[in-house]
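Chains as they are written, first to last, in my numbering: chain A, 34 to 128; chain B, 233 to 709; chain C, -6 to 481.
Honestly, the hints are just simulated from the structure, not real lab data. Errors might be hidden in some of the hints.
Calculated cross-link-like contacts (lysine-lysine; reagent style DSS-like; alpha-carbon spacing at most 30 Å) [what the hints assert, rightly or not]:
1. A/Lys43 x C/Lys287
2. B/Lys311 x C/Lys228
3. B/Lys361 x C/Lys228
4. C/Lys329 x B/Lys446
5. C/Lys368 x A/Lys43
6. B/Lys645 x B/Lys619
7. C/Lys249 x B/Lys311
8. B/Lys311 x A/Lys43
9. C/Lys228 x A/Lys43
10. C/Lys86 x C/Lys228
11. C/Lys280 x B/Lys311
12. C/Lys249 x C/Lys280
13. B/Lys706 x B/Lys693
Please read these numbers as outputs of a predicted model, since none were measured by experiment.
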Amino acid sequence: MSIQTEDVLKIAHLARLGLEQDRLAGYASDLSNIMGMVEQMNQTDTTGIEPMAHPLDQVQRLRSDRVTETDQRQVLQQNAPNTEDGLFLVPRVID
Amino acid sequence: MQWETVIGLEIHAQLATQSKIFSGASVAYGAEPNTQACAVDLGLPGTLPVLNEQAVRFAVKFGLAIDAHIAPYSVFARKNYFYPDLPKGYQISQFDLPIVGLGEIDIIVDGDTRTIGVTRAHLEEDAGKSLHEDYHGMTGVDLNRAGTPLLEIVSEPDMRSAAEAVAYVKTLHSLVQYLEICDGNMQEGSFRCDVNVSVRPKGQEEFGTRAEIKNLNSFRFIEKAIAHEVERQIDLIESGQKVVQETRLYDANKDETRSMRSKEEANDYRYFPDPDLLPVEISAELLAEMRAELPELPAAKKSRFQQQYQLSEYDAAVLTVQRGLADYYEQAVASAGGEAKLVANWLMGELSAALNKSSCDISQSPVSAERLGGLVSRIADQTISGKIAKQVFELMWSSDDSADDIIEREGLKQISDSGELEKMIDQLMAQNVAQVEQFRAGKTKMMGFFVGQLMKQTQGKANPQELNKLLLAKLNA
Amino acid sequence: MTMYNKSLKQLSTSLQNKDISSVELSQYFLERIKQYDGELNSVITLNEEAALQAAAQADKAIQAGDAGPLTGIPLLHKDIFCTEGLRTSCGSKMLDNFIAPYNATAVDKLSQAGTIMLGKTNMDEFAMGSSNETSFYGAVKNPWGLQTVPGGSSGGSAAAIAARLAPLASGTDTGGSIRQPAAFCGITGIKPTYGSVSRYGMIAFASSLDQAGAMAKSAEDAAYMLQAMSGFDEKDSTSVNRPVADLVSGLADSIKGLTIGLPKEFFSAELDDAVRSKVDEAIDAIKSAGAQVKEISLPNINLSVPAYYVVAPAECSANLSRFDGVRFGHRCDSPKDLEDLYTRSRGEGFGEEVKRRIMMGAYVLSTGYYDAYYKKAQQVRRLIQQDFVNAFKEVDIIASATAPSTAFTVGDRTDDPVSMYLSDIFTIGVNLAGLPGMSVPCGFVNEMPVGLQLIGNYYDESRLLNVAHQYQQLTDWHTRVPTGFEQE
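Based on the provided sequences and hints, a complete structural model is requested.
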């Protein structure tokens, strides 16, 4: 699988990653090499094999419906770059 | 060209839990911004989700109520996209294996029953809210709502008119409240609808291109938005243009739908199983437990009401829309010692008018079912007339007194004693000889004069049937 | 014996006997960090003041006779674990200013056991790397050869233990990130069964693979530490709800009669000959203690690196979406719109390798590729797990080299991601299967350490540690200290 710079731009946009223009070709070739390695998987027939999403062969544990958290806004917003009136501020969102 | 409308709905019902779907923060409505957003809800690094048991039970309950397949194993997936109200950059939802599979629900439109397929219902977390008031040209983000449990109920594209769509939404709205899994508050966003609308030439099998109308928060808006959108699509096609698949927003003020620019970009959500959560298992025990907890559902209750109380289909439908109303009705009937039709009339008449006027819910009614039943039984046993009863009802509304106390205190008891009534009739006839003669000469409408005078004398308390009977006998003597 | 080379048990005894106080011991290691870490760069943030306060508390507990084996013992935490009030950077510019308002559960458990956190160790950015060269805070150097890498991603912890800057350090292992640096730095490191140590407060790289563990000089020390950090946590849905196993009391058990499986795929052409001969010697030593050896096969293990480089990037691409410059972390200057806020904050905050992996992940999950890559990798993952399950029907422990070579030169593989990824070929399968694995020092090639990897069956950490400890009774590789760091 050869990945072109256009593909890199498309994926970078999906992932909201700003990339330097002069690194695009480098990423394209790195990703192509990695995909080439990944495609060794195709050597093996996996027809009918149940995909394994998780190493734990267990089911989800459930939490009882209780309110355990109290207002921690002040502490939790200490790392926030921009807040006002308890709100996180971001550039204007247009719906 | 004859056009056919095709409608499918996605309903987001906020589940009536205490805490969030994946954290222990409260879901109470109306708190100060971000005071109910804990570290997990904010997606702080290293935090992890743990699933709320009640949300699972509610979803199962819903599935059983629509006769759906409940998945023994269901899986949570991450739906990836960036938006400021989505703290983790992905929404935890269900994709491949939803907890509730194919089910169905009956709706009634113009007296006809139609079965609408429910494709699936899955659990997911709600997003926060962006507040567009101006903060120096920026948007404020409140994540209190982030992580609130939602059940997304997806219908088949089975509806063919706005009326059907509204009937479907109303039926589900009633159902989730019956099940006590959602408070149904559309104003606060506890029950939200997205509508998929397309049109096609009548007889064509293939679906037309659909548009999705987002966030319709009243039955009326749903109806108007669909009507508007259908018209827009037909106009487009008939003028040689094409309908584009897009998300549109209904603007209630202008009564129109408009394209949502921000959602235009084709999304690639890159769903995959959430590795922080394991498959949810629904055991046979839980299924049995939930089945046992199922209340009598609206449709069943309605037909029982028709049979048991001899109500018309319309009356039974109105009384069973809300579980609280139906329960009230049954209690009132019991307190009245029967009189099912009379109780129904009172509920749908005086009581509902009074509730509307003071914008109360049935659960907040100042007049309890027992007290209303007491009032109706006094009408039934002719202690008071229907007209006097309205007076009594008003006094009951503003006090805690029983109908009997009020009738007694206000002296509103009906005069049915024939001796007393005869005496009054005799007196009246003696004083109005001319009118008696007119009556006897064939001017029977003079009857009204006598009834009016007697009612005036008794302040309306004369038993009208008894009075009529006695008066007629005497006048015709 | 020098203080820095004392075992945990010896240190604990010294503390209990009041030969030394925890404050003195903490100061001793803080001094070593100040003296030696300049060139190693293994520590990102020191916790001097709070550490000495905690040590004073520990001394009180010891005075009161209320001390456990870890009370008063200094340690370092990998900077991936959230520590309340002390910066948690995850080796990234993105979190250069992040101070967590909570502790990771593993950190809490270890401090409840009485340990003293001296600081936070350097690491590959977001644990993505095998050489500790991707850190925003600069590369970590291997104390055995400053021109070589310490391995990664827990390279700071490994280098710090090797240089004896602390007796214990925490690590995390997603594809070998405890074992490979342990091997490169000549220390002992163990990654337990997936789910043994809570992931709460441990910044996620790949959630279905990440597992915290212990790094120390010896298996015995690691056993004490791992036991203290393990245990069920209701805040982590993937935490296993079972009693914490006693990892210490079985250390002295005989390993006579145990069967050690040697996967033929791990003794193949990729394995450096000199490394192989050290591993062979180690296996001979284990045999001499009464264990038997059996050749086994893990037929699909050669697909573990390809499958891993689908699964791990896919999970990481979503896990790292929360770093968006809105609620915490790096935010670009004066963003002109929302898109700009996201792309620039993330573009500036993440380094190259992290960007590469996020893009890989977004790519394999995107429309049209899910089945070919993601689903396929999940199926291959199942096959690899089945290989191990089958192997453990025949053997008690699997042994191999931890890495195909000794530590490579700094800068050698940074331009070739694939060659970097292949340094984890022997360790990655264990993460895909969720099994416990460890690395113990087993000799030197050209004065660089070699690691022996031991893999156990699910929840069989005690046997794993037992074998490692018995091996360390027969050898002294784990007591060796790199030149230049021997001075007290």
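Checked hints:
no.: 1; hint: A/Lys43 x C/Lys287; verdict: violated (50 Å)
no.: 2; hint: B/Lys311 x C/Lys228; verdict: holds (22 Å)
no.: 3; hint: B/Lys361 x C/Lys228; verdict: holds (26 Å)
no.: 4; hint: C/Lys329 x B/Lys446; verdict: holds (28 Å)
no.: 5; hint: C/Lys368 x A/Lys43; verdict: holds (22 Å)
no.: 6; hint: B/Lys645 x B/Lys619; verdict: holds (12 Å)
no.: 7; hint: C/Lys249 x B/Lys311; verdict: violated (52 Å)
no.: 8; hint: B/Lys311 x A/Lys43; verdict: holds (18 Å)
no.: 9; hint: C/Lys228 x A/Lys43; verdict: violated (36 Å)
no.: 10; hint: C/Lys86 x C/Lys228; verdict: holds (28 Å)
no.: 11; hint: C/Lys280 x B/Lys311; verdict: violated (52 Å)
no.: 12; hint: C/Lys249 x C/Lys280; verdict: holds (9 Å)
no.: 13; hint: B/Lys706 x B/Lys693; verdict: holds (20 Å)
Checked against the numbered hints given earlier, this structure breaks hints 1, 7, 9 and 11; the rest are met.
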